[in-house]
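The numbering of the sequence shown is the numbering used here, which starts it at 48 and goes up by one.
Because the hints were derived from the structure by calculation, they are not lab data. Every residue, glycine too, gets a C-beta built ideally from N, C-alpha and C. Don't take every hint at face value.
Across the chosen pairs, the derived CB separations fall in these ranges [as the list claims (entries may be wrong)]:
#, residue 1, residue 2, range
1, Thr177, Ser77, 30 to 38 Å
2, Leu96, Ser178, 19 to 27 Å
3, Ser178, Lys124, 27 to 35 Å
4, Ser82, Ser178, 41 to 49 Å
5, Ser77, Glu173, 50 to 58 Å
6, Arg132, Ala75, 17 to 25 Å
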Amino acid sequence: MCTPNLNCDAQAVLIKERSNFIAKRIQAASLQVQSVELAYQSTYKAAILYSLPATFMTRGVCDKIQAAAMRIFLAMKGFNPNFPRIVGYSQKEIGGHGLMRIHTKQGTEGTLKLLKHIRAETKLGEMMETS
């Protein structure tokens, strides 16, 4: 994960490699649009989100991690890879594509982990609460 000084460079490299590997494998499968969505939700997100709650990466690093994968997923869904990301990351209910921004998900998942430890009254939760 991260070093004691919160340097997550090594973890960022691993997540980026995993992101690119999975996206290229899904691209090579030449799937239908519905299958691309299913692969994105079930395979890509699960692999990328696994270690995010324990990392502290900046928005710029997170955007670099998922840049290549987002181009592939947008192209496979039939959109120009240079499509505005704001629409890609918007919710489906308001006309977006529902793609996740990993920086946002990292913060959300980290907060959930913190709350779980505090509510379960674990030793880690107590230490987090006092700091």
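Checked hints:
no., hint, in the structure
1, Thr177 - Ser77: 30 to 38 Å, "violated (54 Å)"
2, Leu96 - Ser178: 19 to 27 Å, "holds (25 Å)"
3, Ser178 - Lys124: 27 to 35 Å, "violated (43 Å)"
4, Ser82 - Ser178: 41 to 49 Å, "holds (46 Å)"
5, Ser77 - Glu173: 50 to 58 Å, "holds (52 Å)"
6, Arg132 - Ala75: 17 to 25 Å, "holds (24 Å)"
Comparing the model with each numbered hint stated earlier shows that hints 1 and 3 do not hold.
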